[in-house]
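Undergrad: Could you build all of it, start to finish, from the sequences and the hints given here?
There are 2 protein chains.
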Amino acid sequence: MNIPNSDLPRVIVIGAGFAGLEIAKNLNTDHYQLVILDKNNFHTFQPLLYQVASAGLEPDSIAYPIRKTLRSKKNTFFRLTEVENIDLKQSIVQTSIGDISYDKLIIATGATNNFFNNHSIEENALPMKSVVDALNLRSKILGNFEKALNTMDLSEREELTNFVIVGAGPTGVELAGALAELKNKILPKDFPDLDLRTMQINLIEAAPRVLSAMSEESSIKAHKYLKELGVQIWTDTLVKDYSNNTVETSTGTVFKSDTLIWAAGVAGTFPNGIHESEVGRGNRIIVDDFSKIKGYDNAYVVGDACLIQSEQYPQGLPMLGSVAKQQGNYISKAFNKMAKKKKVGPFIYNDQGTMATVGRNKAVVELTKMKIQGSFAWLMWMVIHLMLLVGFRNRLVVFINWTWNYFNYNNGLRLIIRPFKEKKDVVGIK
Amino acid sequence: MNIPNSDLPRVIVIGAGFAGLEIAKNLNTDHYQLVILDKNNFHTFQPLLYQVASAGLEPDSIAYPIRKTLRSKKNTFFRLTEVENIDLKQSIVQTSIGDISYDKLIIATGATNNFFNNHSIEENALPMKSVVDALNLRSKILGNFEKALNTMDLSEREELTNFVIVGAGPTGVELAGALAELKNKILPKDFPDLDLRTMQINLIEAAPRVLSAMSEESSIKAHKYLKELGVQIWTDTLVKDYSNNTVETSTGTVFKSDTLIWAAGVAGTFPNGIHESEVGRGNRIIVDDFSKIKGYDNAYVVGDACLIQSEQYPQGLPMLGSVAKQQGNYISKAFNKMAKKKKVGPFIYNDQGTMATVGRNKAVVELTKMKIQGSFAWLMWMVIHLMLLVGFRNRLVVFINWTWNYFNYNNGLRLIIRPFKEKKDVVGIK
Chain A
71 MNIPNSDLPR VIVIGAGFAG LEIAKNLNTD HYQLVILDKN NFHTFQPLLY
121 QVASAGLEPD SIAYPIRKTL RSKKNTFFRL TEVENIDLKQ SIVQTSIGDI
171 SYDKLIIATG ATNNFFNNHS IEENALPMKS VVDALNLRSK ILGNFEKALN
221 TMDLSEREEL TNFVIVGAGP TGVELAGALA ELKNKILPKD FPDLDLRTMQ
271 INLIEAAPRV LSAMSEESSI KAHKYLKELG VQIWTDTLVK DYSNNTVETS
321 TGTVFKSDTL IWAAGVAGTF PNGIHESEVG RGNRIIVDDF SKIKGYDNAY
371 VVGDACLIQS EQYPQGLPML GSVAKQQGNY ISKAFNKMAK KKKVGPFIYN
421 DQGTMATVGR NKAVVELTKM KIQGSFAWLM WMVIHLMLLV GFRNRLVVFI
471 NWTWNYFNYN NGLRLIIRPF KEKKDVVGIK
Chain B
71 MNIPNSDLPR VIVIGAGFAG LEIAKNLNTD HYQLVILDKN NFHTFQPLLY
121 QVASAGLEPD SIAYPIRKTL RSKKNTFFRL TEVENIDLKQ SIVQTSIGDI
171 SYDKLIIATG ATNNFFNNHS IEENALPMKS VVDALNLRSK ILGNFEKALN
221 TMDLSEREEL TNFVIVGAGP TGVELAGALA ELKNKILPKD FPDLDLRTMQ
271 INLIEAAPRV LSAMSEESSI KAHKYLKELG VQIWTDTLVK DYSNNTVETS
321 TGTVFKSDTL IWAAGVAGTF PNGIHESEVG RGNRIIVDDF SKIKGYDNAY
371 VVGDACLIQS EQYPQGLPML GSVAKQQGNY ISKAFNKMAK KKKVGPFIYN
421 DQGTMATVGR NKAVVELTKM KIQGSFAWLM WMVIHLMLLV GFRNRLVVFI
471 NWTWNYFNYN NGLRLIIRPF KEKKDVVGIK
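Taken in sequence, the protein lines are chains A and B.
This note's numbering puts the first residue of the first sequence at 71, with every later residue one more than the last.
This note's numbering puts the first residue of the second sequence at 71, with every later residue one more than the last.
Because the hints were derived from the structure by calculation, they are not lab data.
Incorrect hints may appear among the rest.
Copies of the same chain look alike in the list, so a pair counts if it works inside one copy or between any two.
In the DMTMM-like style, the derived pairs of lysine to aspartate or glutamate whose C-alpha atoms are separated by at most 25 Å in a straight line are [what the hints assert, rightly or not]:
| id | residue 1 | residue 2 |
| --- | --- | --- |
| 1 | Lys439 | Glu348 |
| 2 | Lys109 | Glu216 |
| 3 | Lys395 | Glu298 |
| 4 | Lys491 | Asp203 |
| 5 | Lys297 | Asp157 |
| 6 | Lys491 | Glu193 |
| 7 | Lys109 | Asp203 |
| 8 | Lys144 | Asp260 |
| 9 | Lys109 | Asp328 |
| 10 | Lys143 | Asp260 |
| 11 | Lys217 | Glu193 |
| 12 | Lys326 | Asp358 |
The structure displayed is predicted, hence computed values, not measured ones.
TA: Encoded structure:
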């Protein structure tokens with residue numbers, strides 16, 4: 071890899087998600103040479119992926135070119151590449167475009183889907199972890215309505231328009247709500263000749279309640295909102311198998327569905343080279359209070375890919391964007407202090423609360439000192455998400471889209487740019 | 071295909087381009103049942119595809135959902151399907167979702183690339199006729215800059231950053247200008263560590279001048295604009311072969327380039343079933359003054375797919391969006407008249423002029439009575455294109471993007487959502 075040598079110690083950051091971007095913003099490159107590696111040339115704002123999938127936003131609104139965030143930052147290099155291996159002992163990162171040595175390494179590779187080793191689900195379910203996933207899902211959903219028009223067989227039409235979402239965390243709940251609004255407001259206008267009574271949205275959750283990471287109060291409210299929109303909720307239910315359009319569950323209930331969307335679990339993901347003794351629960355790399363991999367002086371992990379094991383956080387921290395962001399901020403400032411030989415304290419997480427939106431005027435927000443629901447929570451959810459988006463242009467475009475949809479009940483983006491292809495049809499493309 | 075039978079005569083329109091959309095808008099469905107077939111669920115505004123390719127606009131700004139244009143239009147059905155065959159004698163259209171009979175047929179399938187039977191070019195060149203083409207091209211262009219960072223071999227870097235555009239019609243000229251502006255304004259900021267001196271934009275044209283369909287005055291001006299932006303122009307030059315990154319031309323000049331963009335020729339395209347005696351120059355279906363296929367009473371062709379052969383237009387008409395739009399308008403109104411047993415006159419083309427933009431403040435416009443160049447022409451070009459876009463939301467988003475870029479020299483859309491794949495890597499996807 072052609073990165074010029076410099077007298078400054080080289081920091082390699084793998085991954086430009088919430089944590090990586092925060093490091094790029096805050097690391098003092100008077101003291102370090104910064105090299106950022108990512109397999110995409112853009113940062114993805116994952117909390118709004120579900121709106122791309124449900125045809126409410128276009129990818130460019132929630133993706134931001136990494137190079138643009140690095141502009142005018144000196145001693146900083148971005149390379150578009152897949153990291154193949156990390157040699158922690160030799161301090162070398164091996165990539166598809168060559169090897170590169172580091173003085174300090176920060177692994178910020180995030181999380182991927184966790185299918186809990188269920189191969190039938192892994193094979194047939196649709197994930198929603200990346201922009202491409204979300205676009206595939208959109209093509210599949212819209213394509214299925216087009217297909218449903220071509221059959222008079224009611225059970226076939228039901229399969230095509232029965233959407234099963236597994237996992238009622240924020241992602242599952244938000245997608246279920248968005249699909250319900252598509253069904254209620256948009257599809258009847260677009261498909262006047264399709265009987266939408268066959269369309270179902272089934273939300274399956276292993277826990278006894280939706281949004282189980284939030285309070286019971288929020289949970290009950292979100293449940294009520296979902297019911298109002300027409301989402302069928304199946305709590306205490308585990309999905310056991312999904313093949314031939316048949317979803318089998320732990321309760322014996324069987325769903326016939328052509329579209330199973332997986333929002334039930336995530337696991338840390340990182341390149342080869344990490345010894346399994348260094349990996350803990352949820353496939354995450356175990357780090358100490360300082361985000362450092364135990365036994366190494368110069369290798370750190372932040373965000374969803376790390377599992378803090380310390381006295382303060384014996385259970386680790388949740389896999390959330392806000393944790394990743396704070397860890398990225400912490401680690402870059404810690405490095406800045408180290409460069410000036412200042413003392414560095416351990417990472418402390420500042421929990422600012424959680425939120426989820428179900429639909430128009432329907433959201434639940436939990437802050438440290440209060441819980442809010444309904445229209446005001448929905449407004450808060452929108453304002454906070456707009457603020458969190460990277461780039462003024464993105465904020466403006468999303469704001470226009472949302473305002474537009476608010477007054478028109480009518481998002482304009484129901485495009486199938488690339489038709490959905492079954493995995494078996496595609497060779498050579500992941 | 072499940073289209074309900076009705077007492078009204080059924081009009082099938084194949085293709086929802088400029089002509090098809092115009093028919094959908096104007097055909098009186100009190101008198102006809104209208105069935106529109108297209109392989110995409112959206113209409114593409116082709117004149118701005120080059121801005122998608124050069125990362126200035128996103129696809130959703132120039133694509134518009136067909137179903138949305140048909141809303142609240144009675145007796146109207148859209149089906150997403152590929153037409154496989156037309157049986158003109160039996161009045162049946164055969165599609166991937168079944169057969170459908172018609173009372174009147176309008177073929178509005180447009181044009182595709184014409185590689186003039188040169189297989190090496192067809193195999194290796196990149197076209198720009200669809201949204202997917204434009205996105206592939208963008209991924210390729212941006213990806214090549216990322217790749218160029220990884221090599222110290224100057225000739226390899228030159229190949230990666232040498233863009234050869236074949237054809238200096240409006241599409242070729244506009245794309246060349248857009249790439250030049252990328253080079254001059256955007257890439258130096260995004261790739262501070264890449265030496266852009268190797269980047270070249272070569273525009274090759276068989277005719278003696280660029281924009282040869284316009285006046286010599288406009289041609290000279292456009293040539294000057296292109297030169298100012300740093301585009302190399304090669305007129306009187308035919309591309310003979312393109313393989314192994316080597317472009318061979320009729321003048322003996324050889325270019326080494328990883329990216330050859332084909333904007334040199336189009337040919338009509340339509341489903342099987344049309345007898346070759348019915349096909350004329352540019353692979354277009356021969357029609358009379360009334361857009362009717364000779365020898366058939368109920369089969370019409372409009373837009374790029376038709377070649378008018380009549381006393382009035384012995385040379386046919388140019389393959390332009392404005393012709394297609396007018397023909398679509400003509401034919402739907404002709405049908406409306408026929409339904410009321412009124413007399414129908416022949417199609418008469420109203421030439422409103424042509425235009426092309428090269429870059430910021432650099433455009434050429436030819437109206438019937440005057441020629442305009444420079445900033446005012448550029449402004450006109452923008453206003454007219456904004457007005458021609460379908461949908462208020464699209465106009466607004468494009469307007470914001472253009473205004474933004476005008477003041478910031480900085481479009482925010484340099485995303486490689488799906489990496490470019492060589493054809494040989496891809497099986498099962500066209």
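Undergrad: All the hints need checking, so say for each whether the structure fits it.
TA: Hints, verified against the model:
1. Lys439 x Glu348: Neither, since 37 Å and 77 Å both go past 25 Å.
2. Lys109 x Glu216: For Lys109 and Glu216, only the inter-copy Cα distance (11 Å) is at most 25 Å; the intra-copy one is 34 Å.
3. Lys395 x Glu298: neither (34 Å within a copy, 45 Å between copies)
4. Lys491 x Asp203: Both: 12 Å inside a copy, 17 Å across copies.
5. Lys297 x Asp157: Classified as neither; 51 Å inside a copy, 50 Å across copies.
6. Lys491 x Glu193: both (13 Å within a copy, 23 Å between copies)
7. Lys109 x Asp203: Close inside one copy (15 Å) and across copies (22 Å); limit 25 Å.
8. Lys144 x Asp260: between (51 Å within a copy, 12 Å between copies)
9. Lys109 x Asp328: between (31 Å within a copy, 22 Å between copies)
10. Lys143 x Asp260: Cα proximity of Lys143 and Asp260: across copies only (11 Å, versus 47 Å in one copy).
11. Lys217 x Glu193: within (22 Å within a copy, 32 Å between copies)
12. Lys326 x Asp358: Intra 46 Å, inter 53 Å, cutoff 25 Å: neither.
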